[in-house]
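Could you put the whole structure together from the sequences, leaning on the hints where they help?
Chains R and V, in that order, give the protein sequences.
With the first letter of the first sequence counted as 1, position 437 gets the number 437 in the working numbering; the numbers rise by one all the way through.
With the first letter of the second sequence counted as 1, position 444 gets the number 444 in the working numbering; the numbers rise by one all the way through.
The set of hints was computed from the structure by calculation and includes no laboratory data.
Just so you know, even glycine gets a beta-carbon here, dropped at the ideal spot from N, CA and C.
It is possible that part of the hints are untrue.
[Stated by the list, open to error] Cut-off 20 angstroms, straight-line C-alpha distance, at most; resulting in silico cross-link-like pairs (EDC-like, lysine to aspartate or glutamate):
1. R:LYS157 with V:GLU470
2. V:LYS294 with V:ASP263
3. V:LYS157 with R:GLU470
4. R:LYS468 with V:GLU414
5. V:LYS309 with R:ASP306
6. R:LYS309 with V:GLU414
7. V:LYS309 with R:GLU414
[To be verified] Some chain R residues flagged as far from chain V (calculated, every beta-carbon gap over 10 angstroms):
8. GLU41
9. ASP47
10. THR68
11. ASP126
12. LYS157
13. ASP173
14. MET259
15. VAL297
16. GLY330
17. ARG333
18. ASN338
19. GLU343
20. ALA434
21. THR437
22. ARG447
23. GLU470
2 protein chains.
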Amino acid sequence: MAETVERWGVIDIALQGPSDGNPFADVQLSAKFTQGNRSVEASGFYDGDGAYKVRFSPDVEGEWSYVTASNRDELAGKTGQITCVAPGDGNHGPVQVVNTFHFAYADGTPYKQVGTTCYVWNHQGDALEEQTLASLEDAPFNKIRFCVFPKSYDYNKNDPQFYAFPQAQPQGDAKYAFDLTRFDPAFWRHFEKRVSQLCELGIEADIIVFHPYDRWGFKQMARETNDFYLKYLIARIAPYRNVWWSMANEYDLMPWYPMADWDHYFETFQRLDPYNRMRGVHNCRQNAFYDHSKAWVTHCSVQSSDIHKVPQWREQYGKPVVIDECCYEGNNRHCWGNITGEEMTRRFWRATIGGGYCGHGETYVNPEEILWWSKGGELVGTSPARIAFLRKILEDAPAAGLAPAGRRPVAACEGCASTGDAYFLAYFGVHQPASLTINLPEGKSYRIDQVDTWEMKIETLKESASGKFELAFAGKPYMALRIVAV
Amino acid sequence: MAETVERWGVIDIALQGPSDGNPFADVQLSAKFTQGNRSVEASGFYDGDGAYKVRFSPDVEGEWSYVTASNRDELAGKTGQITCVAPGDGNHGPVQVVNTFHFAYADGTPYKQVGTTCYVWNHQGDALEEQTLASLEDAPFNKIRFCVFPKSYDYNKNDPQFYAFPQAQPQGDAKYAFDLTRFDPAFWRHFEKRVSQLCELGIEADIIVFHPYDRWGFKQMARETNDFYLKYLIARIAPYRNVWWSMANEYDLMPWYPMADWDHYFETFQRLDPYNRMRGVHNCRQNAFYDHSKAWVTHCSVQSSDIHKVPQWREQYGKPVVIDECCYEGNNRHCWGNITGEEMTRRFWRATIGGGYCGHGETYVNPEEILWWSKGGELVGTSPARIAFLRKILEDAPAAGLAPAGRRPVAACEGCASTGDAYFLAYFGVHQPASLTINLPEGKSYRIDQVDTWEMKIETLKESASGKFELAFAGKPYMALRIVAV
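Shown next, in the form of structure tokens:
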């Protein structure tokens, strides 16, 4: 009888095969999954101890058959049936780009990106990692950026429990050595468990493939090693529907990889990932954006404090803009890690009314040096509650998404976004008008809501308004105005 | 016996002459003031009722002689003596540019520009004008921008008591008419009284010569009329040592005057003003700066919210940068008139650490529509006290002035200014580091002060520090760090 899996779920075809030699490198395995005229080819992977898997995520309900292919007879020509059933509660499928600048799940549910960053939360051991998951369960975030490789940096001095590659005997003065021709299945089982747990929480896993903060040697490997790593990563992790691929955190701080290599890694994901998961790459320096207009980039992943440029980047690249790093709320010694909760909230709002999306991170220093931005743990800042409030507003907004609007119906001091004539969201930030001149589109009535983005309160000022009029307004900072056609 | 006048004071040579015809246009009068080999030629002006004056401000102590010249015999060839004595208390002479980017009074006292704007405070009648003067006496401002002509705009609907030109009979539907071939001495006596009172208070009068907010016809006059007006303005007002000339408020909103006209008006001041008072011109739109590198411009008078560009403008124009308009603290319906006191204070600090200067204005709406920015009156905002605190810090800083500094001795999140290796002022704005890495210049000891720019408190963290070290810092927003060589 066929095994069942829900639509956009994950199923493993498990096989036994050779464990001699180096199965990671020597054994080729894949399976072709077929439904009617449609086939999806998925690469398999070696999981140690003679265990092989081909992991698959079907995107259409009904019966699928498969047949394996391998350079080893005992793994080749295996066939079977899978029954794909309706998705379970909370499973809306993978996130995709819609309406050029926005996102939706595959079932059509709008996805309003509200991200956070915990670079190596998955390298901290079970106790802290489970605390992070518990924090995420109560937090507003529906995407989290984190790394495959561990991190070596200020506030990040600990070694991880697992490494992607097995350790080897260090030579000479070297402190670390790895066998880069194999993988450590323990690492990968742990990693995929965390990805899967995020999926259960409804959180997209924005997986950072490379990054420069390293003392183990993973930041600068041969292109063949990277290709070997990518193939394994994709075979094992791509089937999780919540996966996004970030080629790098701060790719421009890894100048030893020429631009052609970055292009090549993007192309590798394009070629090997049968699910075509989201792909981006994150910069450090303001003037060092990767060319997000390249075909394999699905969205602009931006580090910048110039939030007012979101409309410009939309225009320039014609893709969704996600400010994955806009500085972090906290008080550490680095300028990128010590903005106030007010300013973090303001940056979320400014990205929103620019027609883009923003990302959070938290960097309050504590004696244990467990800073959320890197290790996860607890959230102690003031912005997450306000970001949750914004997320609710976004989820109540039109599914089509927001675009930067002009000076009608209101001269919003920090920007106004709209969905056609149906919906307007104006933000005032550090401006505090006590009155506003409203000039509504002709022939429609609107509800006028005053939104206190800091106190998290919404007050309806007019149930039904039209035309041009003067509106008494709060006269305090961090206010927004929501105008909804009724 | 010679009349006496203090150095940089004002003395009028009073003469009686013809009152028939149009003395404003028909009678030419000037005087040459001579001390040793040096002569200063000053134009005279007609003050009505047969009274003529040549107003003079000597800049060197000792004996001066004068002789008048005129196209009327009864005004020509008059001679006399003036004794110029030492300046009185608080008289430091006119402000001049020093060290390329900064200002000092003629006696060498540093002048740290801390401006405000009350566009037509001088058109509001004695009661309100005297209240404004009383407010200024207690305020931190040492420069005020205001207009010769009245203003017609939102919150500015009242007619003035005096007009520069005498009123005439309106024709047809016109509500106003003026005889633009004459001046109204009552207006000018009032105007110069206000300039003189500001001088007594130690406040520079940044006089706006033209502006576009007009319903009387003064915004668009024939070039000959403007020349006639300028000659009279200069003869009468230039001798006050606190005068600065601003060709316009928002010159770019007066497109009927081509750029050649603006150049011409600048040149007119250069040619006719024997004191070479400060000259600037203020823009509206960000991309419409007048070319401040032109020779007749003494300093960049800027309207902009992009305070972080001060170092760029210093570089570009090679002159002092004064952000005369950075938005105003208040709550009116216009985005330029409703920033918080916190943000206004922040903009002052950011201009300062960029090596420039800033200007205040206040726009809280009240039932009487007496907004400081335009009419003067009372100051009710939260920024003036903080601006006073900053002014004190600036006056305690090295006389040579501040220049934008790099990332040593501290990575200041919103910028750091310095005077060589002797003094550093770093500002953190919406950043709130709880610790900082300090890396002081070699071979010197420094006092380290933590400055709370909002609570207006200074705490010395270290009396004598040197080298590189970690410093515990406040962990709250709106803080600065002052580092002074000891």
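Structure-based check of all given hints:
Simply put, LYS157 (chain R) and GLU470 (chain V) have alpha-carbon atoms about 18 angstroms apart, close enough for the 20 angstroms limit, and the pair holds. With a CA separation close to 9 angstroms, the supplied pair LYS294 (chain V) and ASP263 (chain V) stays within the 20 angstroms bound. The hinted pair formed by LYS157 (chain V) and GLU470 (chain R) meets the criterion: a straight-line CA distance of about 18 angstroms does not exceed 20 angstroms. Between LYS468 (chain R) and GLU414 (chain V) the alpha-carbon distance is near 40 angstroms, which puts this suggested pair outside the 20 angstroms criterion.
With a C-alpha separation of about 13 angstroms, the suggested pair LYS309 (chain V) and ASP306 (chain R) falls inside the 20 angstroms cut-off, and the hint holds. Between LYS309 (chain R) and GLU414 (chain V), the direct Cα distance comes to roughly 19 angstroms. Compliance with the 20 angstroms bound is thereby established for this hinted pair. Distance restraint check for LYS309 (chain V) and GLU414 (chain R): the Cα-Cα separation of roughly 19 angstroms lies within the 20 angstroms cut-off, and the hinted pair is therefore satisfied. With 10 angstroms as the threshold on Cβ separation, the claim that GLU41 (chain R) sits away from chain V holds: the shortest Cβ distance comes to roughly 50 angstroms.
Annotated as non-interface, ASP47 (chain R) keeps its C-beta farther than 10 angstroms from every C-beta of chain V; the closest such distance is 45 angstroms. Every Cβ of chain V is farther than 10 angstroms from the Cβ of THR68 (chain R); the closest lies at roughly 56 angstroms, confirming the non-interface assignment. Against chain V, the non-interface label of ASP126 (chain R) holds: every CB pair exceeds 10 angstroms, the least being about 30 angstroms. Chain V leaves LYS157 (chain R) outside its interface by the beta-carbon criterion, the shortest separation being 16 angstroms against a cut-off of 10 angstroms.
Interface exclusion of ASP173 (chain R) from chain V stands, the closest Cβ pair being 27 angstroms apart, more than 10 angstroms. Its beta-carbon lying about 28 angstroms from the closest one in chain V, MET259 (chain R) satisfies the requirement of being farther than 10 angstroms from that chain. Every beta carbon of chain V lies more than 10 angstroms from that of VAL297 (chain R), the smallest distance being close to 29 angstroms; the non-interface claim holds. Listed as outside the interface, GLY330 (chain R) is inconsistent with that label: its C-beta sits roughly 8 angstroms from the nearest C-beta of chain V, within the 10 angstroms cut-off.
Against chain V, the non-interface label of ARG333 (chain R) is violated: not every CB pair exceeds 10 angstroms, the least being about 5 angstroms. Residue-level check failed: ASN338 (chain R) sits 5 angstroms from the nearest beta carbon of chain V, not beyond 10 angstroms. The beta carbon of GLU343 (chain R) is not kept farther than 10 angstroms from every beta carbon of chain V, the shortest such distance being approximately 4 angstroms. Its closest Cβ contact with chain V, about 4 angstroms, brings ALA434 (chain R) to no more than 10 angstroms, contrary to its assignment away from the interface.
With a cut of 10 angstroms on Cβ distances, THR437 (chain R) falls inside the contact zone with chain V, its closest approach being about 6 angstroms. Once the 10 angstroms rule is applied to beta carbons, ARG447 (chain R) is consistent with being away from chain V; the minimum gap is 21 angstroms. With 10 angstroms as the threshold on Cβ separation, the claim that GLU470 (chain R) sits away from chain V is violated: the shortest Cβ distance comes to roughly 8 angstroms.
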